[in-house]
Amino acid sequence: MRRAKAAAAPYLLALPAWIWFAIFFVVPIAAMASVSLTTGNLLEGFQQTFSVSNYADAIGQYHTQLVRSLIYGGTATVVMLLLAYPVAYWIAFKGGRNKSVYLFLLLLPFFVSFVLRTISWGFILADDGILFGPLKSAGLLPGDFHVLATDVAVIGGLVYNFLPFMVLPIYVALERVDPRVIEAAYDLYASRWAAFRRVVLPLSLPGVFAGVLMTFVPATADPVNARVLGGTGNTMIGNIIQTEYMTNNDYPTASALSFTLMAVLLVGIFVYARSLGTENVLEAAAR
Amino acid sequence: MRGKLGDRLLHGYTWLIIAWLTAPILVMIMFGFNDKKSKSNTSWQGFTLRWYRELFADGSLTEALVNSLQVAVVSTVLTTVIGTALGLALGRHRFRGKGLSNFLVFAAISTPELVMGASLLSLFVSGNTPRGLATITIAHVLFSLSFVVVTVRARVVGLDPSLEEAARDLGAGTWTTFRLVTLPAIMPGVLAGAMLAFALSIDDYVVTSFVNGNELTFPLWIIGSVKVGIPPQVNVMGTLIFGIGVAIAVANAIASRRRT
Chain X
1 MRRAKAAAAP YLLALPAWIW FAIFFVVPIA AMASVSLTTG NLLEGFQQTF SVSNYADAIG
61 QYHTQLVRSL IYGGTATVVM LLLAYPVAYW IAFKGGRNKS VYLFLLLLPF FVSFVLRTIS
121 WGFILADDGI LFGPLKSAGL LPGDFHVLAT DVAVIGGLVY NFLPFMVLPI YVALERVDPR
181 VIEAAYDLYA SRWAAFRRVV LPLSLPGVFA GVLMTFVPAT ADPVNARVLG GTGNTMIGNI
241 IQTEYMTNND YPTASALSFT LMAVLLVGIF VYARSLGTEN VLEAAAR
Chain H
1 MRGKLGDRLL HGYTWLIIAW LTAPILVMIM FGFNDKKSKS NTSWQGFTLR WYRELFADGS
61 LTEALVNSLQ VAVVSTVLTT VIGTALGLAL GRHRFRGKGL SNFLVFAAIS TPELVMGASL
121 LSLFVSGNTP RGLATITIAH VLFSLSFVVV TVRARVVGLD PSLEEAARDL GAGTWTTFRL
181 VTLPAIMPGV LAGAMLAFAL SIDDYVVTSF VNGNELTFPL WIIGSVKVGI PPQVNVMGTL
241 IFGIGVAIAV ANAIASRRRT
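For the record, the sequence lines run as chains X and H.
The opening residue of the first sequence carries number 1 in the UniProt record's numbering; numbering runs sequentially from there.
The opening residue of the second sequence carries number 1 in the UniProt record's numbering; numbering runs sequentially from there.
Worth double-checking, as some hints may not be accurate.
Below 30 Å or equal to it, Euclidean Cα-Cα: the simulated BS3-like pairs (lysine-lysine) are [claimed, not checked]:
| # | chain 1 | residue 1 | chain 2 | residue 2 |
| --- | --- | --- | --- | --- |
| 1 | H | LYS36 | X | LYS136 |
| 2 | H | LYS227 | H | LYS37 |
| 3 | H | LYS36 | H | LYS227 |
| 4 | X | LYS136 | H | LYS4 |
| 5 | X | LYS94 | H | LYS4 |
| 6 | H | LYS227 | X | LYS136 |
| 7 | H | LYS4 | X | LYS99 |
A few chain H positions that, by computed beta-carbon distances, are all more than 12 Å from chain X [said to hold, decoys possible]:
| # | residue |
| --- | --- |
| 8 | ASP35 |
| 9 | TYR52 |
| 10 | GLU54 |
| 11 | PHE56 |
| 12 | THR62 |
| 13 | VAL66 |
| 14 | ALA85 |
| 15 | LEU180 |
| 16 | PRO184 |
| 17 | MET187 |
| 18 | ASP203 |
In short, the hints are calculated from the structure, not lab data.
As the structure is a computational prediction, the values presented were derived from the model and not from experiment.
Backbone N, C-alpha and C fix where the C-beta goes; we use that ideal spot for every residue, glycine too.
Construct the entire structure; sequences and hints are all you get.
Take a look at the structure:
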């Protein structure tokens, strides 16, 4: 009796979460797949036709925004990597007793709502705002100078919002590097640069990998930065999907777009994982 | 010598990044004190505490904040209970469906929020479910569930199973063992998961924007009023949330430093 109860325990514990995932995650994704293969509209109803024309239409109509999102997301990820690595390196190796203080300061933005801190940037970068207003009246900038509604504003916003997600995993990977391994490199007459390139960098690649995954996907699919900081020429795929669902009620096209986005991101992750796979990382470390 | 200079440069650079990350927060706090006269709150016009006194002057904004808090509390409680249970099962037991559970947890974390929101809307539309605070809460439980599971699982894995065995040898039943031994031991993980769930819920815009119906939460209200100008009360509310969050985090850090 007691043994039967013990054997049932894990199933009872897992059951509520399974139900939640099944009803609100697996079924909806399947529902979306089925909606993306229907034709019709909200008034006349949707018919299940299993036609892939929605995908062709969606991609044909919105490939500009899809490609732009990938370029924005990719550029932001590269910039984040370049900005984050030196910070993570310095905190991990030179942070000393204050490591947790530095990490806490880097995480401060998370105590402010995502939407609010993006708006705060819009505020700082406003054409006649607190930064450019005085510079313009002092004649240091031309009167028509603006940053809002440009690629730079949107990519900058993405970098700002997701940077801590890049710093943390790289920091964790660098923290784990045994200082004696680096000393061994110096003992073997490696220069500072050689020790970094051949010992520290390869050992930190798993952190870089995690950081890129944690930033590229949300940055590419983000609708907030383009909406708050961008103009009509900076619309990203996230904004299109939102409008198609909420304003146009074009559920088939919107579902097809969502799936296309997810597929593109998954393929991107897969290619990236293959090109920088764990085996290669180990190989690089062993070389 | 060259190494020392490099270190100093990196040190300065780290502070530069921190300053850049903090700048918008300072601007947000500052403009909650701005004595603005015109409609837009974009230039500094003098110090005032007026917006703190008139914090709840805008009824719809207050309602949105209350909605956010309500959803955050309910979804945090639900997520913590459901997620802790799965975390315990995954950290402690071997069972059929363990691999599938791990996959679902990972898949839910890595699905873009946009896709999660869109797919939930598809479900609610095809089921003719009226959208409102209930559907927002359901969505929030879904996207924070995995984070609670991962946090609790990590804590359970690090737990010594002989503690529970000892309790059972001393005649404690399953429930007593759980209440007096297991739960206190995994409590830091459960609390961390709950705080994460609360933070994710109160901050969410993307998923919520799909399933909200006519109800507004705090982030949705703010983004809806970008075009007409954000009232200073939003800055004040943001400042208060920031202050409370930082205070809790610092208190938590001090408490855990004392324990060790």
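Worksheet item: Does the claim that H:TYR52 lies off the interface hold, with its Cβ farther than 12 Å from every Cβ of chain X?
Response: Its Cβ never comes within 12 Å of chain X, the nearest being 17 Å, so this holds.
Worksheet item: For H:PHE56, is the shortest beta carbon distance to chain X beyond 12 Å?
Response: 18 Å, holds
Worksheet item: H:GLU54: least C-beta distance to chain X exceeds 12 Å?
Response: 19 Å, holds
Discussion item. If I take the minimum Cβ distance from H:ASP203 to any residue of chain X, is it greater than 12 Å?
Written reply: 5 Å, violated
Worksheet item: Under the criterion that the straight-line Cα-Cα distance not exceed 30 Å, is the pair H:LYS4, X:LYS99 satisfied?
Response: Cα-Cα ~19 Å, so holds.
Worksheet item: Are the Cα atoms of H:LYS227 and X:LYS136 separated by 30 Å or less?
Response: Given pair H:LYS227, X:LYS136 holds - Cα atoms ~24 Å apart, limit 30 Å.
Worksheet item: Checking the smallest CB distance to chain X, is H:PRO184 really beyond 12 Å?
Response: 18 Å, holds
Discussion item. Would the hint linking H:LYS36 and H:LYS227 be met if the CA-CA limit is 30 Å?
Written reply: 17 Å, holds
Worksheet item: Per the stated criterion, does the least C-beta distance between H:MET187 and chain X lie above 12 Å, as a non-interface residue requires?
Response: 17 Å, holds
Worksheet item: Regarding the pair X:LYS94 and H:LYS4, is the alpha-carbon distance no greater than 30 Å?
Response: 11 Å, holds
Worksheet item: Is it the case that H:LEU180 keeps its Cβ farther than 12 Å from each residue Cβ in chain X?
Response: Given a closest Cβ separation of 17 Å, the condition holds.
Discussion item. The output says H:VAL66 does not contact chain X. Does that hold with a beta carbon cutoff of 12 Å?
Written reply: 15 Å, holds
In this structure, the earlier hints numbered 4, 14, 18 are contradicted, and the remaining ones agree with it.
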